[in-house]
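I would like the entire structure built from these sequences, with the hints used as guidance.
Just so you know, the protein sequences line up as chains U and Y, in that order.
Numbering-wise, my numbering puts 232 at position 232 of the first sequence, and it's gapless, one number per residue.
Numbering-wise, my numbering puts 160 at position 160 of the second sequence, and it's gapless, one number per residue.
Keep in mind the hints are simulated off the structure, nothing from the lab.
On a predicted model such as this, the values are computed, not experimentally measured, just so you know.
Keep in mind that a hint or two might mislead.
[What the hints assert, rightly or not] For each label pair, taking beta carbons as the anchor points, the in silico distance ranges come out as:
(1) Lys-107(U) - Gly-126(Y): 30 to 38 Å
(2) Ile-344(U) - Phe-82(Y): 58 to 66 Å
(3) Phe-93(Y) - Gly-24(U): 41 to 49 Å
(4) Gln-174(U) - Pro-98(Y): 51 to 59 Å
(5) Asn-4(U) - Phe-183(Y): 48 to 56 Å
(6) Phe-183(Y) - Pro-79(U): 33 to 41 Å
(7) Gly-24(U) - Phe-82(Y): 52 to 60 Å
(8) Lys-107(U) - Asp-223(Y): 49 to 57 Å
(9) Pro-79(U) - Ile-254(Y): 36 to 44 Å
(10) Asn-140(Y) - Ala-104(U): 40 to 48 Å
[Stated by the list, open to error] To give a feel for the contact side, a few chain U residues facing chain Y, derived at Cβ under 10 Å:
(11) Phe-55
(12) Gly-72
(13) Pro-74
(14) His-92
(15) Ala-104
(16) Lys-105
(17) Met-153
(18) Tyr-320
Backbone N, C-alpha and C fix where the C-beta goes; we use that ideal spot for every residue, glycine too.
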Amino acid sequence: MTQNPIIDIKNVHKSFGKVEALKGVNLRIEEGEFFSLLGPSGCGKTTLLRMIAGFEEPTSGAVIIGGEPMMGIPANKRPTNMVFQSYAIFPHLSVSDNVGYGLAKKKMSRSEIAEEVNNALAMVDLVGYGDRSAHELSGGQRQRVALARALVMKPRVVLLDEPLSALDKKLREQMQIELRELQQSVGITFILVTHDQEEALIMSDRIAVLFEGEIAQVATPQTLYQQPVNERVASFIGVMNFLQAQATESADGGLGLEIPALGDVAIAKAARPEDLPAASIDRIGVRPEMLTILFDESDHAECESEGVVVGASYYGDMTYYSVQLPETEELTTVSMRNTAGRSIVASGTKVRIGWGADSIVLFS
Amino acid sequence: MISPPLLYALIMLAAPLAMVVTFSFWSQNYLDLDTTITLKNYKEAWSKPIYRVLILRSLNISIMVTLVTVLLAFPMAYFLSFRVKRNKALWLFLITIPFWTSYLLRVFLWKVILGYNGVLNSALMGLGIIDEPMTFILYNLNAVVITLAHAWAPFAILPIFVSLERIDRSLLEAAEDLGDGPFRRFFRVTLPLAMPGVIASTLIVMIPTVGDFITPKLVGGTDGLMISNMIQIQFGKANNAPLGAALAIASMVIVGSVSLVIFIAGRWFRGRAQ
Chain U
1 MTQNPIIDIK NVHKSFGKVE ALKGVNLRIE EGEFFSLLGP SGCGKTTLLR MIAGFEEPTS
61 GAVIIGGEPM MGIPANKRPT NMVFQSYAIF PHLSVSDNVG YGLAKKKMSR SEIAEEVNNA
121 LAMVDLVGYG DRSAHELSGG QRQRVALARA LVMKPRVVLL DEPLSALDKK LREQMQIELR
181 ELQQSVGITF ILVTHDQEEA LIMSDRIAVL FEGEIAQVAT PQTLYQQPVN ERVASFIGVM
241 NFLQAQATES ADGGLGLEIP ALGDVAIAKA ARPEDLPAAS IDRIGVRPEM LTILFDESDH
301 AECESEGVVV GASYYGDMTY YSVQLPETEE LTTVSMRNTA GRSIVASGTK VRIGWGADSI
361 VLFS
Chain Y
1 MISPPLLYAL IMLAAPLAMV VTFSFWSQNY LDLDTTITLK NYKEAWSKPI YRVLILRSLN
61 ISIMVTLVTV LLAFPMAYFL SFRVKRNKAL WLFLITIPFW TSYLLRVFLW KVILGYNGVL
121 NSALMGLGII DEPMTFILYN LNAVVITLAH AWAPFAILPI FVSLERIDRS LLEAAEDLGD
181 GPFRRFFRVT LPLAMPGVIA STLIVMIPTV GDFITPKLVG GTDGLMISNM IQIQFGKANN
241 APLGAALAIA SMVIVGSVSL VIFIAGRWFR GRAQ
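Here's what the structure looks like:
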């Protein structure tokens with residue numbers, strides 16, 4: 001962490017009447033980061049974004065952008081620009097006039113503005129669309145215009161409020177990659193609000209997960225996926241199987257785990273989260289792809305246990321099996337890649353499950 | 001097969017209009033109508049100064065009424081759309097309350113308010129603000145403008161309100177986000193997008209007020225007489241329906257042209273605003 005983050009949010013509270021939207025949020029976002037605010041609807045992520053933009057004032061706490069406190073500074077005087085969920089393209093203006101809207105106020109000649117607008121349109125791959133009016137554009141094109149309109153202002157931070165949620169799946173996936181590439185080439189800090197965990201994982205440098213106005217975890221996508229701090233984060237990001245477990249301290253500073261459903265395993269000291277005493281551990285998590293069905297007799301894994309296939313969901317590239325493990329009531333999900341020659345295991349089949357110590361996530 | 005709406009339009013709109021047009025090409029021969037086609041009425045309507053004075057005054061009054069009404073209606077509609085958070089329907093309902101009384105009664109009430117010994121003068125004199133009653137507020141143009149502006153206010157508020165309601169609020173936030181203060185934002189986004197409503201209000205108020213004849217008759221005095229009063233006289237006392245019809249058609253053409261100009265100007269303004 002550097003000393004001077006571009007955005008520093010200090011103990012921010014926000015109440016709408018009796019509803020507490022944000023309950024003491026602290027967050028530092030570094031210059032040039034692609035940062036995502038991820039959470040279910042109503043978790044306060046949009047409120048936080050609008051607060052950075054200047055459309056909401058915190059009830060208490062401070063929002064500091066580029067070292068300057070933003071208290072009382074309206075949206076039109078902040079070094080941020082927003083891409084709205086609805087894109088908010090001005091319907092009475094052409095694409096060029098939309099993109100150049102914010103430049104009209106800056107002391108620039110007409111030709112300078114036209115050049116900036118053309119550069120911005122080139123950046124989002126919309127060369128030649130300048131004279132069209134807003135209603136002649138598709139959803140994806142509107143999204144690009146909104147982005148160009150923000151980028152042309154050369155803001156220090158671009159704020160994106162669920163910008164891809166209105167697009168269909170194919171286009172959304174394409175835009176996720178394009179947005180990410182664009183952000184890296186311009187080097188401006190992007191803050192994305194999304195409820196789509198996959199989107200956040202694909203695009204972000206770091207992600208903050210919010211639940212009910214509080215930040216649950218701030219981490220890189222990998223850390224978030226592999227080491228979620230609690231069960232709620234774990235089940236919000238991807239699929240997580242939870243299993244009962246008991247832990248004992250081992251002599252080398254690691255842990256001895258007893259998992260009734262899977263068996264026993266030793267966790268090395270290095271792999272063990274700090275300040276998590278063995279006595280407090282009662283559940284573990286394991287991702288579906290970390291469990292393997294050992295199809296052949298010759299297949300072996302670090303640890304092995306047994307289960308019975310109860311059902312299978314075929315996704316084309318993957319098959320998700322529901323497996324009944326011993327001494328657990330809930331079914332465990334196991335995902336398997338559908339490689340060549342591998343058929344789907346029928347329900348009722350007894351299978352061997354392979355897994356490893358490093359795939360286990362510990363929860364207190 | 002003629003569909004019912006077409007039949008309705010033919011009987012209620014096209015037929016009366018066709019009759020007036022036909023009448024305007026006939027002429028009055030003391031007691032009976034001369035049905036030979038002639039442009040005599042139009043020549044008279046366009047050449048006699050009295051008619052020109054009346055039509056210009058009518059236009060003048062209606063444009064003033066329209067300006068006053070729309071300028072007062074806009075803030076009202078803006079308030080309703082942007083500031084009132086709850087019970088918008090109740091506010092709209094309250095706006096229509098003046099319609100609970102008859103039009104004639106409302107005009108008479110203005111007479112009571114604006115008269116020589118009326119409410120306004122008595123009050124101001126009682127307060128010692130003026131020494132003698134103001135006479136410039138009744139039986140002249142001012143009285144006609146005040147009365148008509150009051151009568152047509154709701155008709156002006158509603159279209160503007162609707163067009164303001166239809167503005168996506170995120171557009172206003174986007175304008176602010178892109179550097180506009182409230183003032184610039186209003187002229188670059190809010191007003192251009194509300195323009196269809198403003199144009200509709202303008203036409204809704206202007207077209208009927210040109211042809212109003214009750215208000216000028218009751219509160220206008222001799223200075224406040226309008227073209228419709230003359231048309232009424234021609235159809236009535238003067239017993240010259242063809243001339244009345246020609247005057248009606250002439251004023252219709254003029255009002256139509258003015259409306260068209262306003263409509264096109266509104267379009268142009270909307271396109272220009274950035």
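Output the numbers, in ascending order, of every earlier hint that fails for this structure.
1, 5, 6, 7, 9, 12 and 18
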